[in-house]
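We have chain A already, so just place chain B on it with the hints.
Number of protein chains: 2
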Amino acid sequence: MKKLINSTDSVVTDALAGMAAAHPDLRVDLAHKVVYRRAAPTPGKVGLVSGGGSGHEPLHAGFVGHGMLDAACPGEIFTSPVPDQVIEASHGVDGGAGVLHIVKNYTGDVMNFEMAAEVCAEEGVEVGTVLVNDDVAVKDSLYTAGRRGTGATVFVEKMTGALAETGAPLGEVAKLGGRVNARSRSFGVALSSCTVPAAGGPTFDLGDAEVELGIGIHGEPGRTRAPAAPARELTRVAMDAVHDDLPLSGEVLVMVNGMGGTPLVELYVVFAEVAAYLREKGAVPARSLVGNYVTSLDMQGFSVTVCLLTDQLTQLWDAPVQTPSLRWGR
Amino acid sequence: MKKLINSTDSVVTDALAGMAAAHPDLRVDLAHKVVYRRAAPTPGKVGLVSGGGSGHEPLHAGFVGHGMLDAACPGEIFTSPVPDQVIEASHGVDGGAGVLHIVKNYTGDVMNFEMAAEVCAEEGVEVGTVLVNDDVAVKDSLYTAGRRGTGATVFVEKMTGALAETGAPLGEVAKLGGRVNARSRSFGVALSSCTVPAAGGPTFDLGDAEVELGIGIHGEPGRTRAPAAPARELTRVAMDAVHDDLPLSGEVLVMVNGMGGTPLVELYVVFAEVAAYLREKGAVPARSLVGNYVTSLDMQGFSVTVCLLTDQLTQLWDAPVQTPSLRWGR
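Protein chains in written order, with UniProt numbering: chain A, 1 to 330; chain B, 1 to 330.
The following block holds chain A by itself, in its conformation from the complex (with noise of 0.2 Å):
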């Protein structure tokens, strides 16, 4: 194994004091590793806290800022972060109108930020909580009972973010985030293993002329291992698990999303087919987003996430963010 880092106990941290060095919008709580927004907490509006296990970078501190989080609690490599870093990072973005937790559905994740909710709650902060499960690859997995939450993640925090920034009410912004939750479905494909700095080798091994069809972001497995094939039937199969799922139509912002490891020349490629599959059944690739956004370390493969718009979902996208890694208007 051979990584761009110090030592297997210090990457995230050290990637953290990174963070702070190139992003002075950003203010980073090294001992409890939490990154917020400098001028967190935003008097009145709704504060937008998520997190998750490190390694799939920019989720989620590469989102914080206006428009979208207002702090993000990292925890180890593939391991949730504690309900201590949570309760901080609510109490640091409580600005008086409440704090909405954006949770993954990974058992971990799911029990730590239900026990800091509990604790927010009794010292007084209200809390409402989305919880993500767009993943259709499989019903149950190995740290999941019930769908994983993945690339709709990003569609969550980016619309409940701006919706957030009008001061709209906790229980409005909630709601909301539930609504894109429902509306936005997700399937991955792996090329080859992540490899886990602590574990020193690769997660799983892949066959030389094999892929994982419905791969989760830790390198679980998904539905079903299947020689290598074109770029095409590989999105194909992709798009018909999202489609069967949840049929598609109108006007969609669909995320073409690179696991790390893929060049971005291969992605555009993908969402070539993913744009292609959408007219054919009559939905219009309003939106897009084509990059590395929900990773899995270095990874090899993609994941295609589909929302279904409406007018107020089009415009809450639109609407300006100013983060590490989504930035658009003003």
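Be careful, since some hints might not be right.
Just so you know, same-sequence chains aren't split out, so a pair can sit in one copy or run between any two.
Restricting the straight-line Cα-Cα distance to at most 16 Å, the calculated cross-link-like pairs of lysine to aspartate or glutamate (EDC-like) are [stated by the list, open to error]:
hint, residue 1, residue 2
1, Lys2, Asp208
2, Lys2, Glu233
3, Lys281, Asp240
4, Lys2, Glu210
For the record, the hints were derived by calculation from the structure and aren't laboratory data.
Frame of chain A, contents of chain B only:
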């Protein structure tokens, strides 16, 4: 070899179709393989054209848009664009104020852009050229007489793009480009080889515990091979090479660039070391980029590029930019 492609012959065209589908602000001429701003040419503005082999995405097509390039000419993977592409693009962006060619110093690129510039001149289009040659690793290399052009290309394209938006004349924009290049230096480190689709296997072999110091963006050899080492040591080698060539002081713009297969979490680890190194030398990392900007397909590794800022360069860097892969301001 497993890749998200349909065929080794169609990678570039298929990816361009994906760019066209994803980015409504771009106009993609698939026949000539040129990516334009939708509204090109802009009357009275110097038109900026760059290009080079594909496989370095988002360079260059990801930097087409307001405040940066007017057109990009992607060649086949790691292959220079042909003169006809550059001629076509130059005509397409000529708004009457002339056209600037931004060329990375590789023998094929230089020759083909020169041929295109001659034809353009005969046809009455005024052309200026900026040659980028920022890589301090080697004096000459496999594909280059003199220094290679790498990361500084992003700085040159951004800053000349910002100046061109103000209506500055061709001579002034070209001169600025030369100044940015002269004040910038780069050095790259590879942990693994890239795999070119048409070749079907790794470009070079690197041992399990070995890195290549001074790597080129096509996998050309660098200065030397060395044992794998902590990020702190690899960063120091890169920064020493830069500092030995151009003493670092004052405010600097610094890019920690991923080679395509390296997770973002590792790039932030490197950035923390770069920032510490700069402070040690009395320099200030006043502006930064951390991510994949000048890649080498799926290579694992990083490069660092530093530019000594002036007030003018900082202003041009901060000016609004709206491209697929760099955007801020308005």
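*Of the hints given before, which are not true for this structure?*
Hints that this structure does not satisfy do not exist here, as all of them hold.
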